[in-house]
Structure formats: C-alpha cells, structure tokens
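Colleague: Sequence:
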Amino acid sequence: MSKSERLKMGLSAQQCRLLTITGRKSDCEFRSMALSHEKISLSRNMADLSSEYQNSLDKTKLVYDYYGKGDNSTPLSYGVLTTPGALNDYTPVMISDTQGKIVVDRRLAAAARFAGIPQEGVGGLPSDVVRNRFLEGLFGNGVINGVQRDRFMLVPYAQNAGVGNEGELTVFTDKLNLQGLIDKLRTSKEAQYGFTADDFNAYGVGTELTNSDFKIIKGSDDNGQSGKFYLSDLLSGDYAIYTGEDDDNETPWGQGGDNFDTDEMARALQDGTNKFFIDWLADSFGSVLSIPGDPKSNDALAYAADQLKEMFSESNNNGRAYHDTKDKSNLNGSNGFDEDKFVRDNQSKYVGIVTKEKMGKSSITDEWRNLGNAAALNLSNLANVFLTMYAQFMDPNGLDSPSNPYHAQAGSGQTVAQQKGTWASGDTNLLYTTYVGQQFSNEEAKMAAFYDTMLNQLCTKGWTEDAKITDNGHLQELLQSGKAFINRLKDDGYYYQGGYATDSYVKEVIDESFVAKAEAKYNSEKAKLNQKEQMLDLKMKNLDTEISALTTEYDTIKSTISKNIEKTFKRYDA
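With our numbering applied, the sequence shown corresponds to residues 25 to 598, in that order.
Calculated from the structure, these hints are not laboratory results. Since the structure is predicted, the reported quantities are computational estimates derived from the model, not experimental observations. Among the hints, a few may not be true.
To be verified - If you anchor each label on the Cβ, the simulated ranges turn out as follows: (1) S337 with D152: 25 to 35 Å; (2) L66 with E590: 26 to 36 Å; (3) K563 with G506: 44 to 54 Å; (4) Q123 with Y518: 30 to 40 Å; (5) G506 with Y546: 25 to 35 Å; (6) Q123 with Y546: 38 to 48 Å.
Said to hold, decoys possible - The calculated lysine-lysine pairs, modelled on DSSO-like cross-linking and capped at a C-alpha distance of 30 Å, are: (7) K507 with K49; (8) K85 with K252; (9) K492 with K556; (10) K531 with K541; (11) K531 with K125; (12) K531 with K507; (13) K365 with K242; (14) K582 with K125; (15) K93 with K507; (16) K49 with K563; (17) K563 with K541; (18) K365 with K93; (19) K85 with K507; (20) K514 with K470; (21) K63 with K531; (22) K373 with K63; (23) K514 with K49.
Note that beta-carbon positions come from the ideal geometry of N, C-alpha and C, so glycine has one too.
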C-alpha cells in the first residue's frame, strides 16, 4: 500500500471518529436538556406541594360542643343530632334543606314511608296510630330495638312536642275525677301507713303506751281494726284513730286517778298527727299529684301540708277539741253516760280531735271522780281537707280570690256538715291532674318524646332523603355551602332554621388531624422530590463532564485532520 493510500485511510478513520464524537456529544446534550426539563418539572411539583400544604393550614371542621367547655373532640355528625342522649338533652336537632324539609337518612326515610308519611308532610299532626306505625318502622330499620318499641308505645304520644309545647317534653299527665284518683292510688302500689304508740309520745304523756292503746275504727264501729290503712281507704271510707280508757282505769291513760286530764290524750293524737301523719299524706298525694317540671303542683302539696300542720300545731287548741271535755249529766257512780259511744258517734262530724270524759259522784265521798275517757280523730276528714287545700292552691281563680270555691278550716263548731260544701271532694266536676309515669322509666319517656318530636317535624314540614347525610364530610359540606341548615327547638316550643355559624353548640375549628396528615404528606413528598433532584443533578453533572471530554477530543481530532490535510497539500505542491 502506498504512502498516499495510507494517508487517505488515516484521514477517513479520523473523520469517522469525528462523526462518532459529534453524535455522542449531541446525544449527551439532548439527555442533559431532558434532565433539565425534568428538574424544572420537579420544581413545579415542589411549588404545588407547598401550595397544597399552605392551604391545609386553613382546613376547618365542624364540632359539637354541647357542654360549652371548648371540647373539640366530638365531630358534628348526623348521629349526634338525631340519636337521643345526653349530647342533645334528648331533644332532636334536625337538618333541613333550602325548602325547609327535614333531611333524613335511609333508615328514618324508610320508617316514615312505613308510617305512611308522604314527603310533602301531612299538613298537621298525626294520630296515635301513625305514631305507633312510626315506632314500628324505627324498629324494622334498626333505629330502636324491640324492647324499646314496646316500652315507648306505653308512653302517651307527645302530640305537641316541638310544635309549641313550652314545657318538658317528657311529662305526661292525665285528668281524673275523685274516683279516678282513688282508683289510680290503688293501682300505683301506694304506701301503707301504720300507727305505732311511739308516734303519740307527746310531751311525755305517752311514754308507757302500747300499740293496743290505739285502734282504727270505721264510722261508729265498736270494733277496732289494725292500725294500717291506705290513702285510697281514707278517701273512699270513714276512718278514724281512736283511743279510750275503761271505767276500771286498766290502761296507762288512767294513771293519776282522779287527776286524769283528757286534754293530754288529745295532745298525744295531735302530736302524732302533726309529726307523722300529715307528712305521709303529702307523700301519698304527691305520688300521683306531683308533676315533674311543674312547680305549682309541688307548691300546692306543700301548702296543703303546712295548712294542716298549722291546724294541729302545739298552740292550736282548736285542733284538739271540738266538744265539752266533761259531761256530768245523768251520772250516778259508774252507770249512765257512755263516753266511748259519744266519741265514736261524733268523731266523723269534725275536722279535729273529739274527746269526752265521764264524771260521776262517789256514793261514799260525794265527790266528782273520773270514770273514763275517750278520744278520736277522723283521718278521712283530714285526707279530704288536705285535698281541698291542694285544690284551693291549684284553682285558676287564685289562692286568695273570693271566687275560689274550695275552703276548709279548723275551729270550734266547724262541723263536717258545715264544711263539706266547700271541700274539693264535694265538687263532682273537679278533675285532678295526675302524673302518668309509673309504668315506664324517665329515660324511656325522654326517648319516646324524642322520636315523637321528630315525627311531628316530619309530618308538619315534610322530609327528603339523603343517603350520604351520615357521612360527616358530606354533612359538613352541605352546611358550609348553604345547602342545608340546622333546625333547633327554641324556648317557645317551636323549631327554627338557622345556619351552623350561629348555632351555639356547633363550632368551626382548625382541623388539626387534617393539618397533621398534610404536614406528614408534605414532608414525605418533599424528601422524595429532593432525592430525585439530587439524582438529576448528579446525572447532569456526569453528562456535563462527558460533553466536556467529547468536546476536547473533538477539537483534538479536528486539529489533527487539519494538520494532515495541510501536510498533504504542501507535499504535492513541492
């Protein structure tokens, strides 16, 4: 091979190498440009990530702070508002749409359909039948269990709950005449009362008395009965407590002989009545006449008790005696007047204690001596007087009104015949408001009233179903966007629609948990982006190094080719 041929081959190899370097350099420059664009994309991602994190710092949530203690741990939820419990004080808080219809979940919607309540409502209040159908629907859809359904149906339907009822939603009453009141007492497990001798230890006069010294008599019955009775017995019969002493002074009352004081016996009955019996009357009447949440009924019971205690106070002699305590007529020794029969025959005529002593002259000394004594107090009269005082206080005319028809008082000569015309028991038209609550617990009554209130809202305002209302996020979005409102019961007994921002129990607070999650995401994604950026920087640095080396090699080969060409031309020119 000639020298010229070898030169041509060398030039060709160098030119091929130059082309290879040029291609390689172009490829590195392209890859470097791609990495640069990718790095720019990472910068945009980091900017978006930072923006998302900044926005999360303003993320809020709605919480339910019923007790007003700044507790942010209870998220606002449909369940908290529509499930009876302490957090809503057993009063439903309803969600309504922009048309005022009540928004209900799938289960409540199914119960409303089962009860036959159309979505536009019924334009009024439902019947007891619809109410019980609604309870059946709640049971069938798992809102309440079977025991609750059966117990709630025992509670009278609170038809005015949430539609103008200003009182307690859980108090149910019934109007009864006197016989109805007596029947209610008999069926409500009323407490029995039993006198003991210890009840009559007045001023020490009864320290040696025994239970046998006191008997319960009915009317003018001569046979004493057991000292136990019920309030219903007193109101429907003629019962009295009786004590007496025979002519032979065999009972402790006879101690002291001719110095016996009949007034001591009356004082003993008075003491037991004032300290024990009147309080028992108040408790017994209160078991049916005391209405929870109604101060007037309890004030009336206290007034009746105070009035009776005043009648039988220690200083009130009118409460002790209504007849002459001694009778000397037609007496001859131990024969003649029967003080026991006198007391039995007359005790039912008075509001107070009737006493009688029998006196006679000794055939030996010709001196008057005590031959026996007796005393009785009609308990039925006291029960009727108590009820009269209660009715007097409760009468709408007012306690001190001249037109108030009910009066009863103690005083000499005030017989039952004179008093009964103004007693409550003589008014056949008078109805007593009694508490209906013995057959179910207070919590059951509250829960039943809760669903009655909800039912009344569905019927009067209509309803619409939202299957997603139980999702807290969905509920919050509806409230914050103004697509739903909170309906809450006000003091006038009606529900009013309002925004969540003005509700005293709902608060909007920073969602700390959401912020924490966003911060964790930000830190994690930032670390990944930083790592990618570092890798890109390293790749770009390596490419820059390679491009620099290729450039140097390119320049060297190009220079060599130029010199070889120059030498060739010089050789041939020579």
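Colleague: None of the hints should be skipped; say for each whether it holds.
Modeller: Structure-based check of each hint:
| no. | hint | result |
| --- | --- | --- |
| 1 | S337 with D152: 25 to 35 Å | 50 Å, violated |
| 2 | L66 with E590: 26 to 36 Å | 50 Å, violated |
| 3 | K563 with G506: 44 to 54 Å | 53 Å, holds |
| 4 | Q123 with Y518: 30 to 40 Å | 18 Å, violated |
| 5 | G506 with Y546: 25 to 35 Å | 31 Å, holds |
| 6 | Q123 with Y546: 38 to 48 Å | 42 Å, holds |
| 7 | K507 with K49 | 63 Å, violated |
| 8 | K85 with K252 | 65 Å, violated |
| 9 | K492 with K556 | 41 Å, violated |
| 10 | K531 with K541 | 21 Å, holds |
| 11 | K531 with K125 | 24 Å, holds |
| 12 | K531 with K507 | 18 Å, holds |
| 13 | K365 with K242 | 13 Å, holds |
| 14 | K582 with K125 | 88 Å, violated |
| 15 | K93 with K507 | 29 Å, holds |
| 16 | K49 with K563 | 15 Å, holds |
| 17 | K563 with K541 | 33 Å, violated |
| 18 | K365 with K93 | 72 Å, violated |
| 19 | K85 with K507 | 17 Å, holds |
| 20 | K514 with K470 | 17 Å, holds |
| 21 | K63 with K531 | 44 Å, violated |
| 22 | K373 with K63 | 112 Å, violated |
| 23 | K514 with K49 | 82 Å, violated |
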